[in-house]
Amino acid sequence: MYSVYKKMAAAACVAAAAAMSLSSCKGANNEGAEAQIAFDKAQNAYNSGNARLCLELLDSVDSRYSHGIDVMKQSMKLRPKALIILTEEDLAAADSTVSANKVMLDSLRPLMTHVAVPGTEGYSVKTSAVDPSFMNKTGVSPRVSEIGEFYLVSSVNPAGGLQHWSLSAVVGDMIATTDTVPYDGTLNFRTNNSEVITFTPAGSNGIGQLVADNPGLPVKIIFNGQNGRNRSISLTAEQIDALATAYRYAAAVNDMRNATIDVERLNARHAKLQQQTADE
Numbered sequence: 003m004y005s006v007y008k009k010m011a012a013a014a015c016v017a018a019a020a021a022m023s024l025s026s027c028k029g030a031n032n033e034g035a036e037a038q039i040a041f042d043k044a045q046n047a048y049n050s051g052n053a054r055l056c057l058e059l060l061d062s063v064d065s066r067y068s069h070g071i072d073v074m075k076q077s078m079k080l081r082p083k084a085l086i087i088l089t090e091e092d093l094a095a096a097d098s099t100v101s102a103n104k105v106m107l108d109s110l111r112p113l114m115t116h117v118a119v120p121g122t123e124g125y126s127v128k129t130s131a132v133d134p135s136f137m138n139k140t141g142v143s144p145r146v147s148e149i150g151e152f153y154l155v156s157s158v159n160p161a162g163g164l165q166h167w168s169l170s171a172v173v174g175d176m177i178a179t180t181d182t183v184p185y186d187g188t189l190n191f192r193t194n195n196s197e198v199i200t201f202t203p204a205g206s207n208g209i210g211q212l213v214a215d216n217p218g219l220p221v222k223i224i225f226n227g228q229n230g231r232n233r234s235i236s237l238t239a240e241q242i243d244a245l246a247t248a249y250r251y252a253a254a255v256n257d258m259r260n261a262t263i264d265v266e267r268l269n270a271r272h273a274k275l276q277q278q279t280a281d282e
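Count along the sequence shown from 1, add 2, and you get the number used in my numbering.
In case anyone wonders, no lab produced these hints; they're calculated from the structure.
Warning: the hint list may mix true and false statements.
[To be verified] Lysine to aspartate or glutamate pairs mimicking EDC-like chemistry, simulated, CA-CA at most 16 Å apart: (1) Lys79 / Asp61; (2) Lys75 / Glu90; (3) Lys83 / Glu58; (4) Lys75 / Asp42; (5) Lys43 / Asp64; (6) Lys222 / Asp175; (7) Lys222 / Asp243; (8) Lys75 / Asp61; (9) Lys79 / Asp243; (10) Lys274 / Glu90.
All of these numbers come straight from a predicted model, not from anything done at the bench.
Please construct the entire structure, taking both the sequences and the accompanying hints into account.
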């Protein structure tokens, strides 16, 4: 009797193992079919010219079916082709940006004058704002550095002990303020009854953008003293235009530089992807 039960148990084990094996095969087959369906959606997106959607679907395929050898091989072949299309779209946009910035620079560059400074780098200002006696009066000089950065230089003369260390621009009910520059004898220096500060580009951009974005509005400049005192002046229409023009010129120079770098980067990527697809 024991022998009979033993044989029955063995038979049951064999049957169970067979059932598990069959179930496992069905599961694997189902997953493979699902993976192929998911890949086919990516292929259809590529065929219809939607490279961005194709790549999103391929990311999903790679994440969910990373153990599917066949579908992963298909994904690896399709991905660089989709990336080529996407790169070409990005290149077209970058080329358009370069063209737009060239038009902007061509219109602004003739308005600017380069001022050489012996012993240090020069700067550019709007031609109407060139003023050799700037430090002998109270005002603000909007400048563009040799590398295309917008920055402000302030002068208070006579200072009367104001000890200013920042600037504010009031345009309508809006206000922008530079960074604070403590007296250091270099960026913030004083001589006789004069105070001159060179503000950083990062600290100057707020005022530049505020003025440039609001043409036609009056602008008041406030020289903020570290002791709580302040002094203010109203800019003339010509001075407002000089400030806005310098800011726009610097922005165009930087936008052109960045767009040119983008074009070079995208061209390199495009060449690499084309080589990759050619080697397959």
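Okay, the hints, checked on the actual structure:
For the hint pairing Lys79 with Asp61, the CA-to-CA distance comes to about 13 Å; that is within 16 Å, so the pair holds. Taking the CA atoms of Lys75 and Glu90, the gap is near 24 Å; set against the 16 Å cutoff, the hint is violated. Taking the CA atoms of Lys83 and Glu58, the gap is near 14 Å; set against the 16 Å cutoff, the hint holds. A C-alpha spacing of about 13 Å is found between Lys75 and Asp42, which places the hinted pair at or below 16 Å, so the restraint holds.
With a C-alpha separation of about 13 Å, the suggested pair Lys43 and Asp64 falls inside the 16 Å cut-off, and the hint holds. Distance hint between Lys222 and Asp175 is fulfilled; the C-alpha atoms sit about 11 Å from each other, no more than 16 Å. Simply put, Lys222 and Asp243 have alpha-carbon atoms about 13 Å apart, close enough for the 16 Å limit, and the pair holds. Simply put, Lys75 and Asp61 have alpha-carbon atoms about 13 Å apart, close enough for the 16 Å limit, and the pair holds.
Restraint check for Lys79 and Asp243: the C-alpha separation of about 55 Å exceeds 16 Å, so the hint is violated. Proximity of Lys274 to Glu90 is assessed by CA-CA distance (about 13 Å); at most 16 Å being required, the pair is judged to hold.
The structure fails to meet hints 2 and 9 from the earlier list, while all remaining hints are met.
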